[in-house]
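Chains as they are written, first to last, in numbering that gives the first Met the number 0: chain Z, 0 to 598; chain E, 0 to 120.
Hints were generated in silico from the structure; no laboratory data involved.
Treat each hint with caution, since some may be false.
[Stated by the list, open to error] Derived pair list, reagent style DSS-like, types lysine-lysine, alpha-carbon separation capped at 25 Å: (1) E:K104 - Z:K39; (2) E:K110 - Z:K82; (3) Z:K317 - Z:K263.
[Stated by the list, open to error] Residues of chain E clear of chain Z, computed beta-carbon distances all greater than 10 Å: (4) M13; (5) D25; (6) G56; (7) L57; (8) K92; (9) E96; (10) T113.
These numbers were taken from a predicted model, which means no experiment stands behind them.
Every residue, glycine too, gets a C-beta built ideally from N, C-alpha and C.
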Amino acid sequence: MVRAQVLICGGTGCTSSGSAKLIAEFENQIAKNDLSEEVKIVQTGCFGLCALGPVVIVYPDGTFYSQVKEADVKEIVEEHLLKGRVVSRLVYDEAAADAAVENGNVSLSDTTFYAKQKRVALRNCGVINPESIDEYIAMDGYAALGKALTEMTPEEVIKVVSDSGLRGRGGGGFPTGKKWSFTAANKADQKYVVCNADEGDPGAFMDRSVLEGDPHCIVEAMTICGYATGATQGYVYVRAEYPIAVKRLEKAIKDAREYGLLGKDIFGSGFDFDLHIRLGAGAFVCGEETALMTSIEGNRGEPRPRPPYPAVKGLFGKPTTENNVETFANIPQIILKGAEFFNSMGTEGSKGTKVFALGGKINNTGLVEIPMGTTLREVIYDIGGGCPNGKKFKAAQAGGPSGGCLPAELLDEPIDYDNLRSKGAMMGSGGLIVMDEDTCMVDIAKFFLKFTVDESCGKCTPCRVGTRRLLELLEKITSGNGTMEDLDRMEKLCYYIKENSLCGLGQTAPNPVLSTYQRFKDEYIAHVVDKKCPAHVCKNLVRFEIDPALCKGCTKCARNCPVNAISGAVKEPHVIDQTKCIKCGTCIDNCAFHAISKK
Amino acid sequence: MKSLEELAAIRERMQNKVVLREGSGDIRVVVGMATCGIAAGARPVLNAFVEEVNREGLSDKVTVTQTGCIGICQFEPVVEVFEAGKEKVTYVKMTPEKAKEVVEKHLKGGKVITDYVIKDI
């Protein structure tokens, strides 16, 4: 009889930090201690705390171990699993652990990282074995599908989804129920459901984690969508760079077919539905719905003008409903627990929860799911643990290269679609890249724009040529050659590209530039007028200088300078030759007296 | 699968296997599993609790877990039962047979078996 379970994260983050080795070692140690009958090992999806992987959770206590190494496994097995003594040095959030040890329970939900989270889309991630359809069913999996097919009409399904207030989680925020009703209203011999898993923003991995941790919920939700809209075929468009997600989704589809949860006459209702996977080559533009469908059809991934919208003329020219992974992940819970369950969370116009992928200059890199209306401060500080090394938070880029920056002034604003939009920012798809005081906002805008320039498909001129010219302007500014007129031209060009581009890629490409320009105008002006980069990032605008009062003349900097730009006699202050200096920073790293600084 | 009954059957069969991970039982049974406890035979007691709780269908409200030494080694195996809003009950010198009895009378029936409870030392 199994009395304890060891859950080991098999998401992409933890797999790359060595979780597969841990599984083998746990099996080995458990066998050695003759616990095989009593302790079960389960490989799960992402727990969310990727920065501290590999993550191991021991149930029934729910003890949360982080950064577990192969050598630690013996101790966990012998101490915790055999003798019931928690290995506190490995427990995440030791303060919470010490308090909890008092009452004998070190639970996951006590940690600051999880306390403010509310998991709906991620409810099974890190809880079940994603490759076991039975475990999904045990967590009420496919019960929503059963309920929809046997007790509800398609209209009733759409009504519940509409009433729940769910809006598209891919960034657009379009009401999901409305989208479904458009497709349902169109008559056709064939309709389709498409799941957009072409998560392309740098720094975003919400969709990957859902597919890796709970693939069956996507299968179930797409089948429900098919029933509600009258579609019998579905496609999941997932990028080939997500091999673990693809593998688990393939297994999920195969298992669902074997159980008859996909295929003909599901639950004896007469409804047929089947799913297929299409692998994307990782082009950012294929996340745009029309380009995505063109790519599924086997053509080069290029967008086309809308209307006609996919609900009228989508995949293969047929009415199609296209939703993002996270949107679908909410559906089974909404059907099962009702619209009120979902719309009781969140704010006036934004219901439910939202998943964010925290990255950049933040302590707890990982995946968090919070109710809408939570403030940015809670996400960054309470859940994310703030910026490393005590640095000051400067801004967060929400929604990657299509999104905008949320500066420190907005820290106390509730996060939801409408509120952030009214503040000139946006929620985006959920990628949240945190920047601290050492980040140059002009440089970061340039970074994101470089990405969209590379990813522009080239079909329309405003995007193809416009973003390139915009990037050149930014390069001119960061190299110290910009003028005030350039700033005006830059702003005008941004609006021109937004208004005239064919698809979402071009229409949103200038967002990082515009939002940083609006919020951090002084930094742009510093680059142009003072020829200075306040964050000391833009190389052309930075000078390395030795303070003669602090320099002891130890010669270490001169000996380590790769271009011999530093000269000076022993025990005399040294000097940097600015014409030779390549601003690599080696001298700063080597100076024991903090005599060298960036100016 | 052609019916909801089949789905329900799988859920039933599997639920015991994942319920451990919910860990939100109202009652917590904690078995002392330090060296002293193990030497006195705590492991069969722990396993008996797990099996009985499952067999009686109590796994959604009872969590069986273990702890280290609580300092009364002479009374091992020691089992403590925590229930929200009630005083902790400490059973001492447990055996698998006594464990079965505790599950039936105390966890299921709500009656503390005073004979097995620790006396004033």
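Do the hints match the structure? See the list:
With a C-alpha separation of about 29 Å, the suggested pair K104 (chain E) and K39 (chain Z) falls outside the 25 Å cut-off, and the hint is violated. Using a Cα cut-off of 25 Å, the hinted pair K110 (chain E) and K82 (chain Z) is violated, with the two alpha carbons roughly 29 Å apart. Pair hint K317 (chain Z) plus K263 (chain Z) holds up; C-alpha atoms about 21 Å apart against a cutoff of 25 Å. Non-interface status of M13 (chain E) relative to chain Z is broken: a Cβ of that chain comes within 10 Å, the nearest being about 3 Å off.
The claim that D25 (chain E) is not at the interface with chain Z holds, since no C-beta of that chain comes within 10 Å of its own (minimum 13 Å). Once the 10 Å rule is applied to beta carbons, G56 (chain E) is consistent with being away from chain Z; the minimum gap is 14 Å. At roughly 13 Å, the least C-beta separation between L57 (chain E) and chain Z is larger than 10 Å, which holds for a residue marked as non-interface. No beta-carbon of chain Z is positioned within 10 Å of the beta-carbon of K92 (chain E); the least distance is around 18 Å.
E96 (chain E), annotated as away from the interface, keeps every beta carbon of chain Z farther than 10 Å; the closest lies near 16 Å. No beta-carbon of chain Z is positioned within 10 Å of the beta-carbon of T113 (chain E); the least distance is around 23 Å.
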